[in-house]
Amino acid sequence: MRILVTGASSPLAVGVLRQLLLNSDPTWNLELWCGRHRKDIPIEDPRLHVIDLDLESELSGTLSRTAFDMVIHFAGLTHTSDEQQYWAINVGGTVRLAEAARKNGCRRFVYISTRCATPGSGAYGESKLRAEKELQKLQWQSLLIIRPAEIYGSEGKEGIDRMLTMARKWRIIPALFGHSNLQFAPLHSDDFSKLAAELIQQHPGGVSIETVCGPEDLSGIELAQRISKRYFAVPLLLWWPAVAGCLKALHKIGFEIVKPDQVARVTCEKTGTANSGNNRKGLRRFLGN
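Taken in order, the sequence shown gives residues 14 to 302; the numbers are from my numbering.
Check the hints yourself; a few may be wrong.
Below are the EDC-like pairs computed for lysine to aspartate or glutamate, each with C-alpha atoms no more than 20 Å apart in a straight line [to be verified]:
1) Lys207 with Asp58
2) Lys294 with Glu229
3) Lys116 with Glu145
4) Lys207 with Glu44
5) Lys52 with Glu171
6) Lys242 with Glu223
7) Lys294 with Asp203
8) Lys261 with Glu96
9) Lys170 with Asp53
10) Lys52 with Asp38
11) Lys207 with Asp95
12) Lys294 with Glu171
13) Lys242 with Asp174
14) Lys52 with Asp67
15) Lys207 with Glu223
16) Lys170 with Glu44
17) Lys265 with Glu96
18) Lys146 with Glu223
19) Lys116 with Glu147
20) Lys242 with Asp230
21) Lys52 with Asp65
22) Lys207 with Glu229
23) Lys265 with Asp67
24) Lys207 with Glu269
25) Lys146 with Glu282
26) Lys150 with Asp67
27) Lys170 with Asp203
28) Lys182 with Glu171
29) Lys116 with Asp67
30) Lys116 with Glu69
31) Lys182 with Asp203
I should point out that these hints are in silico values taken from the structure, not numbers from a laboratory.
Could you build the full structure based on these sequences and the hints that come with them?
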């Protein structure tokens, strides 16, 4: 099976690639064609081929050179001050990729979305939701949409990983409270890689939307307490309405601590919980022993 993987140099994609290379069904005769954009892919395997791929460029020519059986679409824009870019890349780029893939005979598509793909989640989440809907308008033998919860452990510079870095470096951690949607279901990146690879290989066909979460739901204060205990960091109680107001005010005068849509992303309605969806026993608790 020839699979095109976009965004293949991202930490999440690299983890899933490793799992597929290690544990794929032998009958698949796996070939992974990995789209690289800006960064190299830190995997060496004769079944892995690297190509340059940019969602903002013409895609039909790239996809016409090789017949792909499946596309796994990781690539997307997660942070920008220009909200139109979310729509151009996360929606426009995804649609162009899907149409080019179908034109060249591909009938299986896997889309890595987010459990923040809900109305009112800001431009990032809403653009991912629109992309999901656009994909469902096309005819596929198999369309799998994976919505991961808050992922940590990939040494990234955003989300929970950013909070962990703050605790290690400065020994302080924000403990957010004051909004009913301040809920997190932290999922370790290694567990996500295994779950995603299993879902991809076991998907029976048709259209399926799967939310994958960690093994427990934590409030903002519970999350901070767990981090504080591990890294001996001081939890700073912060009332979310005041935090959100300050961030918006700072943005208006030119101080951009976070991207504009990230405020809505924190407290939007989310799909799935630790007790729902495709969650498995044996997932590691957030900073658990």
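Pair hint outcome, Lys150 versus Asp67 [Cα-Cα no greater than 20 Å] | Not OK: Lys150 and Asp67 at ~23 Å, beyond 20 Å, violated.
Below or equal to 20 Å on CA atoms is what counts here, so check Lys146 against Glu223.
-> Distance ~14 Å between Lys146 and Glu223 Cα, so the pair holds.
Is it true that the CA of Lys146 sits at most 20 Å from the CA of Glu282?
-> Distance of about 18 Å is within 20 Å: holds.
When you check the alpha-carbon spacing of Lys242 and Asp230, does it fall within 20 Å?
-> 18 Å, holds
Does Lys170 pair with Glu44 here, judged by a C-alpha cut-off of 20 Å?
-> 31 Å, violated
20 Å Cα cutoff - pair Lys52, Glu171 | Measuring from Cα to Cα gives roughly 18 Å; hence the hint holds.
Taking only the CA atoms, is the gap from Lys170 to Asp203 under or equal to 20 Å?
-> 17 Å, holds
Would you check the hint for Lys116 and Glu145, treating anything up to 20 Å between C-alpha atoms as holding?
-> Holds, at roughly 19 Å.
Would the pair Lys182 and Glu171 pass a check requiring their Cα atoms to be no farther apart than 20 Å?
-> 15 Å, holds
Would you check the hint for Lys207 and Asp95, treating anything up to 20 Å between C-alpha atoms as holding?
-> The hint is violated at about 34 Å.
Please work out if Lys242 and Glu223 have their alpha carbons no farther apart than 20 Å.
-> 32 Å, violated
Holds or violated: are the alpha carbons of Lys294 and Asp203 at most 20 Å from each other?
-> Within the cut-off at roughly 14 Å; holds.
The structure shown violates the earlier hints numbered 6, 10, 11, 12, 16, 23, 24, 26 and 31.
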